[in-house]
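S.K.: Okay, here's what each chain looks like letter by letter:
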Amino acid sequence: MAETATGKTGMEGEMEVDAYRRLFPLTFYERHLLDSLRPDGRPLSRSRHTSLSLGAVSSADGSALVKFGDTTMLAAIKLEVMTPSKESPDEGCLGIEFHMPPICSPIVRPGKPAEIAPVISKQLEDAILSSGLINLKELSLISGKAAWMTYVDIYCLNADGSLFDAALFAAVAAFSHLEIPLVSLSEGGRVITVSGENLDNTAKELVNKDKRKLTLHSIPFSLTCVLHKNYILADPTAEEESIMETLLTVVLDSSSQLISLYKPGGSVLAFKTMVQDCISYTRKRVKELQKILSEALSDMEID
Amino acid sequence: MMYSDIGRLNCNISYTTFSTSIRGQGSDNKEFSAMLHKALEGSIILESFPKTTVDVFALVLESGGSDLPVIISCASLALADAGIMMYDIVSSVSVTCIGKNLIIDPTSEEEDHQDASFLISCMPSRNEVTQLTLTGEWTTAKVHEAMELCIDACSKLGDIMRSCLKEAASTLQ
Amino acid sequence: MDPYQFTKMVGLSTGEKHFIWGGIAQDLRSDGRQRLHYRPISVETGVIPQANGSARVRIGATDVIASIKAELGKPSMHQPGKGKISIFVDCSPTAAPMFEGRGGEELSTELAVALQRCLLGGKSGAGAGIDLSSLIVTEGKICWDLYIDGLVVSSDGNLLDALGAAIKAALSNTGIPKVNVDLGPSPDDQPEVNVSDEEFLQFDTSGVPVIVTLTKVGRHYIVDATSDEESQMSSAVSVSVNRHGHICGLTKRGGAGLDPSVIMDMISVGKHVSEQLITVLDSEISAAEASATD
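Sequence lines, in order, name chains A, B and C.
Following full-length UniProt numbering, the numbering of the first sequence begins with 1 at its first residue and continues without gaps.
Following full-length UniProt numbering, the numbering of the second sequence begins with 1 at its first residue and continues without gaps.
Following full-length UniProt numbering, the numbering of the third sequence begins with 1 at its first residue and continues without gaps.
The set of hints was computed from the structure by calculation and includes no laboratory data.
Quick reminder that beta carbons are idealized off the backbone N, C-alpha and C, glycines included.
Hints should not be assumed to be uniformly reliable.
Restraint-style ranges between C-beta atoms, simulated for each label pair [what the hints assert, rightly or not]: (1) B/ALA168 to C/GLU139: 52 to 62 Å; (2) B/ALA34 to A/HIS49: 51 to 61 Å; (3) C/TYR147 to B/ALA34: 14 to 24 Å; (4) A/HIS49 to C/GLY81: 35 to 45 Å; (5) A/SER58 to C/ASP259: 31 to 41 Å; (6) B/CYS74 to A/MET300: 44 to 54 Å; (7) A/SER242 to B/ILE160: 31 to 41 Å; (8) B/MET85 to A/SER51: 28 to 38 Å; (9) B/CYS74 to C/THR109: 22 to 32 Å; (10) B/HIS144 to A/MET300: 28 to 38 Å; (11) C/SER13 to B/THR52: 40 to 50 Å; (12) A/HIS49 to B/ASP152: 42 to 52 Å.
Straight-line distance between alpha carbons at most 25 Å, and here's what the computed DMTMM-like set of lysine to aspartate or glutamate pairs gives [what the hints assert, rightly or not]: (13) A/LYS67 to B/GLU109; (14) B/LYS30 to C/GLU100; (15) A/LYS112 to C/GLU100; (16) B/LYS156 to C/ASP259; (17) C/LYS17 to C/GLU230; (18) B/LYS30 to A/GLU115; (19) A/LYS112 to B/ASP55; (20) A/LYS67 to B/GLU167.
Starting from the given sequences, assemble the full structure and let the hints guide the process.
M.R.: Here is the structure:
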C-alpha cells in the first residue's frame, strides 16, 4: 500500500518529517536505506549502544541489567534447595521464564499478555540448555538428596526491539554474576542455607564451601537482523521490526560455533549469502558482547 | 466502555517473582492497586482529559518493606513526568508501631513484627490527605503523634520529589 | 419495581442534590434525621441454621447477613499459637443495579479489606477485635479457622457499618464446639480429634469494635449515609472503635483530599458516635439472642 502512496502526489515536499514517517513508514525507511543509514544515525550493521550492570537486584543470588539502546532487560537468578528427581539423582534443575509486564510496552495490558513472551521464553530455554552453558551436575549438592532448583526470571522493562538478544545477554550475565549461597546440613539431615551474618558462629559443616561459582562452558550470544530486500539491519528497534517483518536470529557460542538459527517466516526469502552475512555480523557482535561482559565482571572484582 | 466526561484512572501493581525473599510471594496486589488508585485519584484533574483513561502500571522489582508508600510516591512522580494535570504531587509515608515506639519507613522485617500500622498519602503543598489507613489498636493521642510525624515526612519527601522533577526538566532542555 | 430503582440508575436531579446538600447544612436530613443520627437498627441472630453463627442486620433499607463457619485447620508456621480468620463479602446483584454482572466485585473486595483492617488488628495480632489465640486447639497442630462471610442483600448506603455490626452480632451468636484431642505417642503422629456436638464454647465478643463511617458532604459530615447521600460525598472516613475508646482501624474512602485537622476531628466525632452505637447494638444483640432462645 505504501508503494502506491509514494510521494508522487507531491505531498512529500510539504509534509513534515514526523508525519511522513508515520504515514509512509516503509518508504521513509527505504529512502534511508539507499544511503546505508538508519533514522537513528546507525549504519545498517551496527548494534545500538549496549550497557550492562551486574548485581542490580540485591535480594537475588545473581542478577544483571542490560540495555540495548532503549530495550531494557532485568534478569535475576534465585536458587532454592530441592530434592532431585529419581531419574537424575545428581542433577539440579533449571527454570527459565521471560516476562513482559504492562510497563514494558503499550501493547501489553493486564489480562492481555504479550503473545511473544512465551515464545521468547522457550527460545531462551533452548539456547541456554542446548549450548551447554550450565552443567546441571554442578547444581547437585548431595546426590539423590539435595540439588539446586535454579529460577531464572527475565523481566523486560522496556521493549524496543531485539528482545531475545537482550534477554539472552541478561540471562548469561546473571549466570556469570551468580554466587551460590552456602548451605549446611542440619541434624535432621535437612539442607539449610547459611546467610553471611551467622556464618562464623555455625559450627556445622558447610556442604559447598569451595563451589560458589558455576563453571560456564561455551556462553551463547545472539544477534537478530531484519531482512528487507537486499538490506540487512542488525539489532532492530521495535519500529524497524514492525515495518520490515522478516527477522533472522543467529545464536553463536563464544568460540563462534552455531547453536541455533531462527527465521520464523516473513516475506523475504533469505539467500545463502544473506544468511552468511548475518552470521558474520553475529560473530562481530559476539566479540563486542564478550568484551562488555568481561569488563563488567572485572569491574566487579575491583569493587 | 461507557462514555465519561471526565478522565479515568486505572492502576495496576505487580511484583517480580524475585522481589520477595521466597519466590513468587508478591501477593495482595489487587488490594494494593485499589489503594494506589485512591491515593492518586484525588490529586489528578480528571476534568482535563475527558473520554480518556490513564493507566498507571507499577512493577515492584525488589520488596524491602514500606512498598505501598514507595509505589504511591513513585507513581505520582511518573504522572507528573507524563505531563498529566494534577493539583499537586502525592507523597506517601508509612509508620509502624512496635510496642510503644513509632517507626517511620519500616523494613519488611519490622513490618512482620508490627503491632499497628499507619499509612498516609498527602498533597504536601495543599496540606490535604488523599489516603489514610490504619490497623491495630491506637489511642487518639497516638494517632495524633503518628499523623504529625507522617505529615512532616510527607512534606520533606514532597520537596525531594519536586526538586527531582525540576532537575529532570532542566536536563531535558 | 422499586420506584427508586430508576433514580438509582440515572442519578439525582439538580433539585434533589440541592435538597440533600441544604438539608445536611441545616442539620435536618431528607429523612428527618440529624447529621449524627443513625437510622433504626434491627438485629436478628441465628438466621442461618447450618452456620456456627449468623446474624442479619437492617439499618433502614440496608440489609446485610453475616455468617460464621468454623473449621478445624492447621495454624500457620509463623504463628503456631493462633487460629486464622478470613473475611469475604459478597454484594448480591439484587441489592443494587450497579452490582449486576461483575459490578459488585470491586466493592466487595474493598469492603472485605476494610473489614479485615478494622477487625484483625496489626500483623502481630495486637489490637485484634477477635482474640486469635482463643481459636487454638493444640499449639502448632490444630486450630479453628473462622470463615466470616458477609452478604449484602439490599443496599441503601452505609454497608461497611452494617457489615461490621452484623459480624459482631454473628460472633456473639457463634458457638464453637468443644474439642478433645488425643495426641499420639510420637509427635509426628496425626492427633485424633473428637468434636463434641453437645458442648459449645461461647465466643468473647467484648473486644469486637464497631465501625462508624463519617461521610463528608459539602462542609459537613454525616453518619449512616443513605445511597442518595453517598452519591454526593466528596470523601468518607470509616473508623472502628472498641469498648475502650481505642481506634482499631481506619480507612479513608473516596478520592478527594482532606485536611489533617479535619480527619482528627472526624476521628473524635466517630469515637463519640461509637459509644452510642455500641450501647444500641449491645442491647439489640442481647434482645435478639433472648428471642432466639425462646
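S.K.: A separate judgement is required for each hint: does it hold in the structure or not?
M.R.: Quick rundown of the hints versus the structure:
Against the hinted window of 52 to 62 Å, the Cβ-Cβ separation of B/ALA168 and C/GLU139 comes to about 55 Å, which satisfies the hint. Judged by the Cβ atoms, the range 51 to 61 Å given for B/ALA34 and A/HIS49 is violated: they are separated by roughly 40 Å. Distance hint for C/TYR147 and B/ALA34: a CB-CB separation of about 22 Å, consistent with the stated range 14 to 24 Å. Between A/HIS49 and C/GLY81 the Cβ separation comes to about 57 Å, which falls outside the hinted range of 35 to 45 Å.
Checking the proposed 31 to 41 Å range against A/SER58 and C/ASP259 shows it holds: the Cβ atoms sit about 39 Å from each other. A beta carbon spacing of about 28 Å between B/CYS74 and A/MET300 contradicts the range 44 to 54 Å that was offered as a hint. Against the hinted window of 31 to 41 Å, the Cβ-Cβ separation of A/SER242 and B/ILE160 comes to about 39 Å, which satisfies the hint. The hint said 28 to 38 Å for the Cβ distance between B/MET85 and A/SER51, and at roughly 35 Å that hint holds.
For B/CYS74 paired with C/THR109, a C-beta distance near 23 Å keeps the hint of 22 to 32 Å intact. The hinted window of 28 to 38 Å between B/HIS144 and A/MET300 is violated, with their beta carbons roughly 49 Å apart. For the hinted restraint 40 to 50 Å between C/SER13 and B/THR52, the CB-CB distance of approximately 28 Å leaves it violated. Remark: the range hint 42 to 52 Å for A/HIS49 to B/ASP152 is upheld by a beta-carbon distance near 43 Å.
With a C-alpha separation of about 33 Å, the suggested pair A/LYS67 and B/GLU109 falls outside the 25 Å cut-off, and the hint is violated. This hinted pair checks out: B/LYS30 and C/GLU100 have alpha carbons roughly 21 Å apart, not beyond 25 Å. Of the supplied pair hints, the one linking A/LYS112 and C/GLU100 holds, its CA atoms being roughly 24 Å apart against a limit of 25 Å. In summary, the hint linking B/LYS156 to C/ASP259 is supported, as the alpha carbons are separated by about 17 Å, within the 25 Å threshold.
Restraint check for C/LYS17 and C/GLU230: the C-alpha separation of about 11 Å stays at or below 25 Å, so the hint holds. Straight-line distance between C-alpha atoms of B/LYS30 and A/GLU115 comes to about 23 Å, which keeps the hinted pair within the 25 Å bound. The straight-line distance between the Cα atoms of A/LYS112 and B/ASP55 is roughly 14 Å, inside the 25 Å bound, and the hint therefore holds. Straight-line distance between C-alpha atoms of A/LYS67 and B/GLU167 comes to about 23 Å, which keeps the hinted pair within the 25 Å bound.
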